[in-house]
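> Each chain is listed here by its residues.
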Amino acid sequence: MSLTDALFGAFAIPFMGRALLVMLVLAVVAGVVGVLVNLRGLEFISDGLTHAVFPGLAIGLAVGGTAGLLPGAAIAALAGALALTWLDRAGITSDAAIAIVLTATFSIGVIVVSRSDDYAGELEALLFGRVLTIPPAEVVPLIIVSLAALAMVLVTLKQQLYRAFDAKGSRAAGDSALVLDLVLNSAIALVVVAAASTIGTLLVLALLIVPGAVARLVTARLWWLFPVAAVFAAVAAWLGLALGYAVSVGAGVDLPAGSTVVAVFVVGYGLVLLGSSVFGRRLRGSGGLEPDSSSSGAPRPAGVAR
Amino acid sequence: MTVPPVLRLRGAAFTYPGGAGVSGLQLDISPGEAVALIGPNGAGKSTLLKGILGLVPKTAGTIELGGARGAAPAPIGRIGSAHAASGMIAFLPQSAELDPDFPISLEQVVMQGRYRGLGLFRWPGRADGAAVRHALETVGLAELARRPFGELSGGQRQRGLLARALASEPALLLLDEPFNGLDQANRDALVDTIRTLKTRGVAVLVSTHDLELARLVCDTVVLVNGTQLASGPVDEVLTLGNVQECFEGLEVELDEHTLVVPGHEGH
Numbered sequence: 212m213s214l215t216d217a218l219f220g221a222f223a224i225p226f227m228g229r230a231l232l233v234m235l236v237l238a239v240v241a242g243v244v245g246v247l248v249n250l251r252g253l254e255f256i257s258d259g260l261t262h263a264v265f266p267g268l269a270i271g272l273a274v275g276g277t278a279g280l281l282p283g284a285a286i287a288a289l290a291g292a293l294a295l296t297w298l299d300r301a302g303i304t305s306d307a308a309i310a311i312v313l314t315a316t317f318s319i320g321v322i323v324v325s326r327s328d329d330y331a332g333e334l335e336a337l338l339f340g341r342v343l344t345i346p347p348a349e350v351v352p353l354i355i356v357s358l359a360a361l362a363m364v365l366v367t368l369k370q371q372l373y374r375a376f377d378a379k380g381s382r383a384a385g386d387s388a389l390v391l392d393l394v395l396n397s398a399i400a401l402v403v404v405a406a407a408s409t410i411g412t413l414l415v416l417a418l419l420i421v422p423g424a425v426a427r428l429v430t431a432r433l434w435w436l437f438p439v440a441a442v443f444a445a446v447a448a449w450l451g452l453a454l455g456y457a458v459s460v461g462a463g464v465d466l467p468a469g470s471t472v473v474a475v476f477v478v479g480y481g482l483v484l485l486g487s488s489v490f491g492r493r494l495r496g497s498g499g500l501e502p503d504s505s506s507s508g509a510p511r512p513a514g515v516a517r
Numbered sequence: 021m022t023v024p025p026v027l028r029l030r031g032a033a034f035t036y037p038g039g040a041g042v043s044g045l046q047l048d049i050s051p052g053e054a055v056a057l058i059g060p061n062g063a064g065k066s067t068l069l070k071g072i073l074g075l076v077p078k079t080a081g082t083i084e085l086g087g088a089r090g091a092a093p094a095p096i097g098r099i100g101s102a103h104a105a106s107g108m109i110a111f112l113p114q115s116a117e118l119d120p121d122f123p124i125s126l127e128q129v130v131m132q133g134r135y136r137g138l139g140l141f142r143w144p145g146r147a148d149g150a151a152v153r154h155a156l157e158t159v160g161l162a163e164l165a166r167r168p169f170g171e172l173s174g175g176q177r178q179r180g181l182l183a184r185a186l187a188s189e190p191a192l193l194l195l196d197e198p199f200n201g202l203d204q205a206n207r208d209a210l211v212d213t214i215r216t217l218k219t220r221g222v223a224v225l226v227s228t229h230d231l232e233l234a235r236l237v238c239d240t241v242v243l244v245n246g247t248q249l250a251s252g253p254v255d256e257v258l259t260l261g262n263v264q265e266c267f268e269g270l271e272v273e274l275d276e277h278t279l280v281v282p283g284h285e286g287h
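Keeping their order, the protein sequence lines are chains A and B. Numbered according to the working numbering, the first sequence spans residues 212 to 517. Numbered according to the working numbering, the second sequence spans residues 21 to 287.
Treat the hints loosely; a few may be bogus.
[As the list claims (entries may be wrong)] For each label pair, taking beta carbons as the anchor points, the in silico distance ranges come out as:
(1) B:W143 with A:W297: 56 to 62 Å
(2) B:R215 with A:A315: 56 to 62 Å
(3) B:L138 with A:P225: 43 to 49 Å
(4) B:F141 with A:G481: 48 to 54 Å
(5) A:G481 with B:G81: 55 to 61 Å
(6) B:W143 with A:V477: 40 to 46 Å
(7) B:L138 with A:I224: 45 to 51 Å
(8) B:R215 with A:T314: 55 to 61 Å
(9) A:S488 with B:G81: 53 to 59 Å
(10) B:G145 with A:R432: 36 to 42 Å
(11) A:T314 with B:Y36: 30 to 36 Å
In case anyone wonders, no lab produced these hints; they're calculated from the structure. Using N, Cα and C, we set each Cβ at its ideal position, and we do this for glycine too.
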């Protein structure tokens, strides 16, 4: 198989074309939302939402079959977004408390799935995705869910950035922290929903977190973060699908598509990290995969003239 | 006809759910007037400012905002009064609370001051850019507009945040310990800016434990320590007896001398 075949020809096949379309939309949206996740330090809440969505997927599948997946996940995700926003506002930020709630929801999902006949197959599809077998009828709903998340973030983007930078100043300017958090958490939840049907609930987090972290490494300019994250995510999704196809069809080694995409994301991050440390393009700061201190609002006396 | 006040407190108390707070507040601030809020650490100065912003619940008395734009003072509610107040109040936080790694330039920070007027759907236009430049010129940082905010010195960040507050064209400006940790040059620049604002008719409420500053730029002083102890013109309120009561047993600076205020129990 030639390189052109893998990069372009493969996507003439209907199921590959559908996978590429959905993944490109999702990657761009996850990249944009992911920049806010990075700036707000919401990595843990995002992880929580991926767990909260799982019982929704399982119940949706049990009740409505494959057609029940998206509505079930959407309901669970929005409930999860509400619950996590409330936990955060109630000051319950203990990792242990959140982790207990989330593993509980995850176990509910597993119990529901275990009632079905094809336990192992369905669990695998929910956890690791089925990007290559997206039914044609689901393409449009998945794109709509992704674009809804994008719209929620774009409409509130100025205010979200203000809140991320200076929560008190944002409140003083009349912005409601509750509304902004609900909108952002719901947008993250919708990305998780769309991604759960494609690359699976366990791998979603890479889509949300890696592009934002890459953008932080590449640029320190605020408005460049979003295009950089979106382009990185789109290219990595495309290369990931192409690589999976090339290896599976060309070399006969069956690579799971979703995991291959995530692997390409992480390798891309590694290369950018290497490049940024070699060329020193990152001007300042930490901005890696670690949740940074911007989320905690902890006083940072560094740099204050005394 | 007298000008109606921008802010009026009558017997107001602001209390955190935990019980800490500040009470007994009687205060009028007119357009162009600067009021110093003076008291030791933990006296409730920041609590009062947050109470005015609606971030700490009001548990007694009344608070009225208005007047500056011709509107009659209107009572505002408990939590959520930030909404009622939006468009009127600007708040200058302590810049040390902000993450220096956040990827944002000085002019982008100042532009945040314009967001309130823009709402959700409009993006900054030419008039907003001009307002940002004007605000940066007022605080003397125009040449640093494109510099990353985190690379500025502490004093420059403080002035940058003041520029953001100015860009929102507030009727009332709240400053929380703005002089903490500033060198003399930045301090002078900040004092000049507050004077400029007063001439433009902005009402200013500044919390500080620096009595010298109160004399430099403020018309009125309010002494607080858990409750309001005294208020009035600077020279009448900053008497030894009042200061002694407010800063019992603590060090204060008065007219370039540091004095330790003796406690009452020794007398």
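> Work down the list of hints and note, for each, if the structure agrees.
Each hint, compared with the structure:
1. About 32 Å separates the C-beta atoms of W143 (chain B) and W297 (chain A), a value inconsistent with the hinted range of 56 to 62 Å.
2. Distance hint check for R215 (chain B) and A315 (chain A): the Cβ-Cβ separation is about 60 Å, which falls inside the suggested range of 56 to 62 Å.
3. Range check, L138 (chain B) to P225 (chain A): Cβ separation about 45 Å, and the 43 to 49 Å hint holds.
4. With their beta carbons about 39 Å apart, F141 (chain B) and G481 (chain A) fall outside the hinted range of 48 to 54 Å.
5. Checked against the hint of 55 to 61 Å, the C-beta distance between G481 (chain A) and G81 (chain B) comes to roughly 60 Å, which is consistent with it.
6. Remark: the range hint 40 to 46 Å for W143 (chain B) to V477 (chain A) is contradicted by a beta-carbon distance near 35 Å.
7. At about 47 Å, the CB distance of L138 (chain B) to I224 (chain A) agrees with the hint of 45 to 51 Å.
8. The supplied range of 55 to 61 Å is met by R215 (chain B) and T314 (chain A), whose beta-carbon atoms lie about 59 Å from each other.
9. At about 58 Å, the CB distance of S488 (chain A) to G81 (chain B) agrees with the hint of 53 to 59 Å.
10. Range check, G145 (chain B) to R432 (chain A): Cβ separation about 21 Å, and the 36 to 42 Å hint is violated.
11. Checking the proposed 30 to 36 Å range against T314 (chain A) and Y36 (chain B) shows it holds: the Cβ atoms sit about 34 Å from each other.
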